[in-house]
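Could you slot chain B onto chain A? The hints should help.
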Amino acid sequence: MEVRVEKLRKEFERFPALHHVSLDIRSGELIALLGPSGSGKTTLLRLISGLEAPTEGKIFFGEQDASYKSVQERNIGFVFQHYALFRHMTVLENVSFGLKIRPAKRRPAAAEIKKRALELLELVQLSGLEKRYPAQLSGGQRQRVALARAMAVEPNVLLLDEPFGALDAQVRKDLRKWLREIHDQTGHTTVFVTHDQEEALELADRIVVMSQGRIEQVGTPDEVYDNPNSPFVFGFIGQSNCLKVRISNHEVWFEDRPIGVPAPGEREGEALLYFRPHDIQILDGCGGCMAGVVASSRRVAGTRHVEVDVGSGHNPVEIELPPEKAAGIDRSRIAFRPTKWKIFRP
Amino acid sequence: MAHDASQPQQRLARVGKATTEKPAARWALIAISLLFLLLMLFLPLTAVFVEAFRKGLFAFIEALGDPETFSAIRLTLIVAGIAVPLNLVFGIAAAWAIAKFEFKGKAFLTTLIDLPFSVSPVISGLVFVLLFGSHSVLGPFLQSYGIKILFAVPGLVLATVFVTFPFVARELIPLMQEQGTADEEAALSLGASGWQTFWYVTLPNIKWGLLYGVLLCNARAMGEFGAVSVVSGHIRGQTNTMPLQVEILYNEYNFVAAFAVATLLALLALVTLVLKTLLEMRYSAEIAASRRH
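Chains as they are written, first to last, in my numbering: chain A, 157 to 502; chain B, 123 to 415.
Simulated from the structure, these hints should not be mistaken for lab results.
Incorrect hints may have been included.
Part of the chain A face toward chain B, derived, beta carbon under 8 Å [what the hints assert, rightly or not]:
1) Leu-207
2) Thr-211
3) Tyr-224
4) Asn-231
5) Ile-232
6) Phe-236
7) His-238
8) Ala-240
9) Phe-242
10) Phe-253
11) Gly-254
12) Ile-257
13) Arg-258
14) Val-309
15) Asn-312
16) Ile-403
Note that the structure is predicted; figures quoted are calculated from it, not measured.
Idealized CB from N, CA, C, for every residue including glycine.
Excised from the complex, chain A in its bound form (with noise of 0.2 Å):
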């Protein structure tokens, strides 16, 4: 079901949490919020979730207004950080506790109830473990549980708070994959919260880059991280390299010569110019370049990531290299040019 959002504001004790955010999701999507600690985007979940009220604004669920819908009447399905399993009862109890609980006349026979929970079970790969109690498993486990749980009652929406916050880096790689492939056999929309870009590239249709309050970008993985509309967008998602640059002639200059990246149509003046350690270019000579002394450099998986120092008052630039360029260039003077960049105004 498609979710819309429309300028929503929410204050928590006078304290702002959230400025009049806007925002469509579409049906049968997998969307990611993302953003550091702070920037609104689990209160927000909260909101659609009905499980916190809005100070302004309002949701629609489809065509229908849910703004003030209680959490009960919007049938969500919300999956917890710390899974939040009531571990008084078993695995298949709990799974099916949203069909168990509804009143006799939505309610579907028990022994249907008990059906659809196996199902469930199966789907997430759980199968035979249903007599066990949430303390008998293992964190992913858990939080696999709490996905059947959530998607027994046919959510209109799944609500996933940073479902693998709690777990180790390689359980959450593998989690990952699996919900990317339960979504795409169940189709559910799915709306889930992480403060972990990798998470949000590689999982989500769309990335919705929240700071302090507000949606800075909503895109595709490949839109956010190619073209980011914003300084803290660039910064936030992937690395990234800041340099205070000069506008002249159409060009930009590092201190007092241009290195050989056009900007046409810029204002003149004072700018700040990104780029990625990956998008550069290593120069023999330097006719129009940047240039430095490698001040450090460390290996990362199949690269060298060289830390290079352009000059006093800046911050040391980074740049990833293959491993044979990089062999031993250690305190050498090293020149180079960003080969895609962006522009953004102080």
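Then chain B, alone, in the frame of chain A:
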């Protein structure tokens, strides 16, 4: 070589854990505690039983069969039977409010719950004499409708409720605070009503703590002397609870009867203690399980 290798290990063993005392200090501490317990707790308790059976089992049974004593036992059961359920409901409500909601005056309410612990029981009784006595506003008003509070069962119940109300709430507040609201939110999001959430999620989560609180509350309700003594009026066969009956019998030099009733109270204490220990074993396992997340 072998000799050399073993030396560091020996030294390590001698150093031991940093928090472990020397044997002498350890034994001294254990001996002091045991001696203290023996003198202050075990001996008096044994004395109660010895005195009760001094004139034989028959005298003991006869003493308990006395109509006034029997009436005191009945009254104690009635008072506890009313006061404990009341405090159960109040305790859950107060703990729920304090642990799960944010509101103004929360700190004040928390302090207020502790009030009966810090007030002398005699004062707790006097409060009700002042409220419902013949010189008060409420007393004569209720009296004109034929409702008797003081020197009757309602007064005893009120005083007992007042003295014992912290027990359940105090037990539940930290437990509920630690458990947070995520489980309740999960239930609500799955469509459960407030009542269903309480019944199927909150109550099972707190059941051991609740039982523990009720047990302590009951022990105190049955054993309370001070506050009850002030509002009772000591009418024989009518407003004397077990602790009051013990005092009256003792003052009449009827030692066997006094100690016979006292054994019942002591037995209650022992049963409470055993149940409490069993619960703690069970309950700590549950707490540990919930923390293993």
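Hint by hint, here is what the structure shows:
1. Checking Leu-207(A) against chain B by beta carbon gives a least distance of about 6 Å; that is within 8 Å, so the hint holds.
2. Interface restraint check for Thr-211(A): the shortest CB-CB distance to chain B comes to about 16 Å, outside 8 Å, so the restraint is violated.
3. Hint on Tyr-224(A) is violated. Least Cβ distance to chain B is approximately 16 Å, over the 8 Å limit.
4. Taken as an interface hint, Asn-231(A) checks out: its beta carbon lies about 7 Å from the nearest beta carbon of chain B, inside 8 Å.
5. At a threshold of 8 Å, the smallest CB-CB gap from Ile-232(A) to chain B is about 6 Å, leaving the interface hint in force.
6. This hint holds: Phe-236(A) has a C-beta 5 Å from the nearest C-beta of chain B, less than the 8 Å allowed.
7. For the restraint placing His-238(A) at the interface with chain B, the shortest Cβ-Cβ distance is roughly 6 Å, inside the 8 Å limit, so the hint holds.
8. Hint status for Ala-240(A): holds, given a least beta-carbon distance of 4 Å to chain B, under 8 Å.
9. Because the smallest distance between the Cβ of Phe-242(A) and any Cβ of chain B comes to about 6 Å, under 8 Å, the interface hint for this residue holds.
10. Annotation: Phe-253(A) was flagged as interfacial toward chain B, and the flag holds, the nearest CB pair being 6 Å apart, inside 8 Å.
11. The closest approach between the C-beta of Gly-254(A) and any C-beta of chain B is roughly 4 Å, which is under the 8 Å cut-off, so the hint is satisfied.
12. Interface restraint check for Ile-257(A): the shortest CB-CB distance to chain B comes to about 5 Å, inside 8 Å, so the restraint holds.
13. Checking Arg-258(A) against chain B by beta carbon gives a least distance of about 7 Å; that is within 8 Å, so the hint holds.
14. At its closest, the beta carbon of Val-309(A) sits 6 Å from a beta carbon of chain B; the interface hint therefore holds under the 8 Å criterion.
15. About 12 Å separates the beta-carbon of Asn-312(A) from the nearest beta-carbon of chain B, more than 8 Å, and the hint is not met.
16. With 8 Å as the threshold, the beta carbon of Ile-403(A) stays out of range of chain B, its nearest partner Cβ sitting at about 51 Å, so the hint is violated.
The structure does not agree with the numbered hints 2, 3, 15, 16 stated previously, though it agrees with the rest.
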